[in-house]
Amino acid sequence: MTTLSEPTDARVIGSRLGLREQVGQIWAYRHLLLRMVRKELKVKYKNSFLGFFWSMLNPALYLVVFWLVFQVLLQAGIPNFPIYLLSGLLAWNVFSTGLSSAAVSITMNGALVSKVYFPREILPLASVGAALVHFFLQSVVLLAALVAFRYDVSFAHALAIPPALVSLLLLTSGLAIFLAAANVYLRDTQHLVELGLLAWFWMTPIVYQQQIIASRLDGKSWEWVQWLNPMTSVVLVFQRGIFNVVSTANSGSSVRPIADTPGAVLRILPSGMDAGWYLAHIGAVALVGIVILILALAFFGRVAGNLAEEI
Amino acid sequence: MAPAIQISGVSKRFRLYHEKYQSLKERVIHAGRVPYEDFWALRDVSFEIEQGETFGLVGHNGSGKSTLLKCIAGILRPTSGEIRTRGRLAAMLELGSGFHPDLTGRENVYMNASILGFPEREIDAKFDDIVAFAEVEEFIDQQVKHYSSGMYLRLGFAVAVHLDPDILLIDEVLAVGDEAFQRKCLDRVHQFQREGRTIVMVTHSADTVRQVCDRAAVLDHGELITVAEPGETIRVLRERLFPGEALPESADGELPGFAAAEGVEGVEGDETPPPLDPSRDQARLRNLLARILDVSLEYPGSTERPYLEAGDPLIIRVSFKATVELDDFVAGIAIHDDEWRHLFGTNTHLLGMDFGTVSGRGAIEFRIDSVPFLDGTYHLTIGLTNSPDTLIYDWWEGKIQFEVMNPSRDVGTVRVPVAVTMETELEPARARKRRRLSAS
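So the sequences go chain by chain: A and B.
Here the first sequence stands for residues 1 to 311, where the numbers follow the working numbering.
Here the second sequence stands for residues 1001 to 1440, where the numbers follow the working numbering.
One should not assume that every hint holds.
[As the list claims (entries may be wrong)] Here are the computed distance ranges between Cβ atoms for each label pair: (1) A/20 <-> B/1226: 36 to 46 angstroms; (2) B/1037 <-> A/74: 53 to 63 angstroms; (3) B/1119 <-> A/217: 45 to 55 angstroms.
[As the list claims (entries may be wrong)] Okay, derived cross-link-like pairs now, PhoX-like style, lysine-lysine, Cα gap no bigger than 25 angstroms in a straight line: (4) A/42 <-> B/1145; (5) B/1184 <-> B/1145; (6) B/1126 <-> B/1184; (7) B/1145 <-> A/46; (8) A/44 <-> B/1145; (9) B/1321 <-> B/1399; (10) B/1126 <-> B/1145.
The hints are simulated quantities; they were obtained by calculation from the structure and are not laboratory data.
Quick reminder that beta carbons are idealized off the backbone N, C-alpha and C, glycines included.
Chain A with its partners taken away, still in its complex shape:
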């Protein structure tokens, strides 16, 4: 006969879920989170011949297209463009794939949500987790490129990358939890997310350089608006650490619709900023991320008790 576990503290199911209880439940179900991430990855590439190569092919295709459009056609003139693009794109992809799959994570798992109890926050978090795994897979491509070209990264600035990744995850998780719950009530959310992400992508200096925005806003009183986009700060850290070219002699042709530098210098990243400046920006993103996460959890806690019914 198996012994019963000691009567532990009672679990209380009240009308609402407190923040502390929510976090406690997510922690208690952390092994489920890992399982869900594994499941998401496994199911995604089950029965596909190329499997995980697909997640590496995605940035490769972006690379080819953007290189053609921006370097060849528009003559943007960024040296080592593949490395510039990938360093920002990889960070963006965590945000983008995380959010778009999180938005449908609860509605797609309706059978599960209505029949089994587990902290539902796990579902959007698993989407973010899977996006993180893709990030590491795609990083392999970038690392291979860096090694192949014996590219000089800035180790001093690269130190800001892990904190940047953490704050990116905080931000993404908060939005993911909010969107997942919102989509149960309003199915438009998933479509709005797709459109919103498209716009957001072009508002973030990933394909073009941040200094284009900076120079347009230079000296204006509302210069600060560019920092309202937390993804700008995140992407800059990755670019500064990996791409590591602040400015370069402008080798582009005379036709430069995007590279607007008047002199012989093409400015790409903020100049003269040390790791501390980047860390301060990342700190701000982390703060925003935490606030969004707390608000999202509070929203989720309010509606979680009805998700099973509303699906």
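Since the structure of chain A is provided, determine the placement of chain B on it from the hints.
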């Protein structure tokens, strides 16, 4: 010992939108005036379930029993009130509901256990048992989309019961699967009971409540009607299900639902709604001049099995004690099906027997050479009366059941032996023609 589950003042409101506006366009068009109605699935329900108890939640459809189970599981949260549960909890609201068709059986076992909140090392230790219980050894590394529905169910059940939950929540799952699987499930439930685990099950089968539960709660339109022993629960449930249709009390003391002396018993066919558990009425009329001490059933044709098969003999042995001398003693039996339709009844008077004067202890045997019923649970009623059927000495109803299994493929309630022969015009004619052809 603290109760395993405390339900205090739980209410659950659902907002029923007349139309569900889930898209932005519809929300905008109907801005602020989406018509809805509040529907209270549960209203101020409070009771406790003790540790080690097997507890039934019964009620008709829409009574709120499943909503309550979902609240206990944490799938839904009450609108007000709270539920305290002590110990590890596993809910089986649908077997294999956590399964993903593209994952293998092995992966799904781990996944399912994680969803139920159990750590991986625990699954490692029990994995082989789970697979053996589910009888899917050869298929465990195949994707579950290739499983039969039976394999799917067995694996789902196996995972849930092997994880040693302190509290097991079951929602009608015992009603699925083949007979063998159901028996296996029931065995497992009994094992859980012996081990002192708490079981809460939603059911609308009176049989399940009677056979398995220690206590049950009756819910009706979201309100708790009673928490009681199974017999009382079933009585209350029947009363709620068929309100205002209580058995009429015959003026002349004729007993409805029982083989009456004159054989002019009213039609007990389909048009008569299933009566309330009539034990109350008859029980009230009992004078106990003779008492039924015990009723035992013997299955001479199937000593190994706890059930009969259609055509098996059945012996009903009634021991009784008459406290005074009775000179018009009649013993009767009646058989009802699970919907309390009267299938058969007889008594010693109708059978032309006269016992003379009866007193003291005695026993009487009814022998049925061949039970003609097909599948089902049948309820046996025993009555001791006088021969004009105006007095009831003692009356047992709803206490004794027997099960009949149907090994054949016949359908219906009663087995009627059938022999088949066939003749056709065509076939011999063709055969003759063929013979002629081959002859030429």
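- prompt: Does the Cβ pair residue 1037 of chain B, residue 74 of chain A satisfy 53 to 63 angstroms?
  reply: Holds: the Cβ-Cβ distance is about 59 angstroms, inside 53 to 63 angstroms.
25 angstroms limit on alpha-carbon distance, applied to hinted pair residue 1126 of chain B and residue 1184 of chain B: With Cα atoms ~18 angstroms apart, residue 1126 of chain B and residue 1184 of chain B stay inside 25 angstroms; holds.
field: Distance restraint between residue 1145 of chain B and residue 46 of chain A, which requires alpha-carbon spacing of 25 angstroms or less
entry: Measuring from Cα to Cα gives roughly 13 angstroms; hence the hint holds.
Given pair status - residue 1145 of chain B, residue 1126 of chain B, alpha carbons within 25 angstroms: holds (23 angstroms)
- prompt: Is the gap between the beta carbons of residue 1119 of chain B and residue 217 of chain A within 45 to 55 angstroms?
  reply: holds (53 angstroms)
query: Does residue 1145 of chain B lie within 25 angstroms of residue 42 of chain A when you go C-alpha to C-alpha?
result: Measuring from Cα to Cα gives roughly 15 angstroms; hence the hint holds.
message: Check whether the Cα positions of residue 1184 of chain B and residue 1145 of chain B lie no farther apart than 25 angstroms.
response: holds (24 angstroms)
- prompt: Lying within 36 to 46 angstroms: is that true of the beta-carbon distance residue 20 of chain A to residue 1226 of chain B?
  reply: Holds: the Cβ-Cβ distance is about 38 angstroms, inside 36 to 46 angstroms.
message: Given the hinted pair residue 1321 of chain B and residue 1399 of chain B, is their Cα-Cα distance within 25 angstroms?
response: holds (19 angstroms)
task: Below or equal to 25 angstroms on CA atoms is what counts here, so check residue 44 of chain A against residue 1145 of chain B.
output: Status holds; Cα separation ~16 angstroms.
Checked against the numbered hints above, the structure violates none of them.
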